[in-house]
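Since the structure of chain A is provided, determine the placement of chain B on it from the hints.
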Amino acid sequence: QVQLQESGPRLVKPSETLSLMCSVSGDSMRNYYWSWIRQSPGKGLEWIGYISHSGNTNYSPALRSRVTISADTSKNQFSLRLSSVTAADTAVYYCAREIRVGAIYFDFWGQGTLVAVSS
Amino acid sequence: DIQMTQSPSSLSASVGDSVTITCQASQDISNYLNWYQQRPGKAPKLLIYDASNLQSGAPSRFSGSGSGSFFTFTISSLQPEDIATYYCQQYDDGYSFGQGTKVEI
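As they're listed, the protein sequences go chains A and B. Using this note's numbering, you'd call the opening residue of the first sequence number 130 and step up by one each time. Using this note's numbering, you'd call the opening residue of the second sequence number 544 and step up by one each time.
Excised from the complex, chain A in its bound form (with noise of 0.2 Å):
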């Protein structure tokens, strides 16, 4: 069974870079991709963006200025950066495994951690 694992602060400063990792387990990060969705009160659920097995990126228009997401497939972990945070950016974030077979869904996720942005 697949399992994912948010980890990183709980709580980042205004103007401040948001960093977040994911850790795989049960199976290998080489033949998937791997998304980043964040959920807040005011804007539902909100995809940031994914990484591909081969390390090819594709943000949300809306905050592409500012993340980056990244992969080390040796340690089965991806990261996330967001940078010059706002309270806007207050959210529970969720990494999640992107199938794509034609169809593309999110079949498993990790359990979520809530990020707050406050000084």
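Hints were generated in silico from the structure; no laboratory data involved. The beta-carbon is built from N, C-alpha and C at its ideal position, and this holds for glycine as well. Heads up, some of the hints might be wrong.
[Said to hold, decoys possible] EDC-like mimics (lysine to aspartate or glutamate), calculated; alpha carbons at most 16 Å apart, straight line:
{"no.": "1", "chain 1": "B", "residue 1": "K585", "chain 2": "A", "residue 2": "D236"}
{"no.": "2", "chain 1": "B", "residue 1": "K645", "chain 2": "B", "residue 2": "D625"}
{"no.": "3", "chain 1": "B", "residue 1": "K588", "chain 2": "A", "residue 2": "D236"}
{"no.": "4", "chain 1": "A", "residue 1": "K142", "chain 2": "A", "residue 2": "D218"}
{"no.": "5", "chain 1": "B", "residue 1": "K588", "chain 2": "B", "residue 2": "D625"}
{"no.": "6", "chain 1": "A", "residue 1": "K172", "chain 2": "B", "residue 2": "D544"}
{"no.": "7", "chain 1": "B", "residue 1": "K588", "chain 2": "A", "residue 2": "E145"}
{"no.": "8", "chain 1": "B", "residue 1": "K585", "chain 2": "B", "residue 2": "D625"}
{"no.": "9", "chain 1": "B", "residue 1": "K585", "chain 2": "B", "residue 2": "D636"}
[To be verified] Computed, partial: chain B to chain A, Cβ under 8 Å:
{"no.": "10", "residue": "N577"}
{"no.": "11", "residue": "A586"}
{"no.": "12", "residue": "P587"}
{"no.": "13", "residue": "L589"}
{"no.": "14", "residue": "Y592"}
{"no.": "15", "residue": "D593"}
{"no.": "16", "residue": "F605"}
{"no.": "17", "residue": "F613"}
{"no.": "18", "residue": "Y638"}
{"no.": "19", "residue": "F640"}
{"no.": "20", "residue": "Q642"}
{"no.": "21", "residue": "G643"}
[As the list claims (entries may be wrong)] Computed beta-carbon distance windows for the label pairs:
{"no.": "22", "chain 1": "B", "residue 1": "T617", "chain 2": "A", "residue 2": "S199", "range": "33 to 43 Å"}
{"no.": "23", "chain 1": "A", "residue 1": "N160", "chain 2": "B", "residue 2": "P623", "range": "21 to 31 Å"}
{"no.": "24", "chain 1": "A", "residue 1": "S199", "chain 2": "B", "residue 2": "D544", "range": "38 to 48 Å"}
{"no.": "25", "chain 1": "B", "residue 1": "A556", "chain 2": "A", "residue 2": "H182", "range": "38 to 48 Å"}
{"no.": "26", "chain 1": "B", "residue 1": "T565", "chain 2": "A", "residue 2": "Q132", "range": "26 to 36 Å"}
{"no.": "27", "chain 1": "A", "residue 1": "S144", "chain 2": "B", "residue 2": "S619", "range": "47 to 57 Å"}
Chain B only, in chain A's frame:
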């Protein structure tokens, strides 16, 4: 950006009832639509992909239909464990989610 609009925002039904949720896309998305269930405090869980395909392990009382810009999601016989918020999600152009439909008993 493709906007996804779900209706209703919330509903209350009895155990055994049939429940239907609709999702309208702001443009034609073919059948590039998924449905997720999110129980309180949990991550979303995939139920339906490609508008009408039941995810492995999901109960058969869940079904989806539609194409183009209008989609429906149905629970044929509502169970207590179905208390959750349900989201549609398109993947025709980027990814975006509906605002959710909260189902209560």
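Original post:
Which earlier hints can't be squared with this structure?
Top reply: Per hint list: 7, 9, 16, 17, 23, 24 violated.
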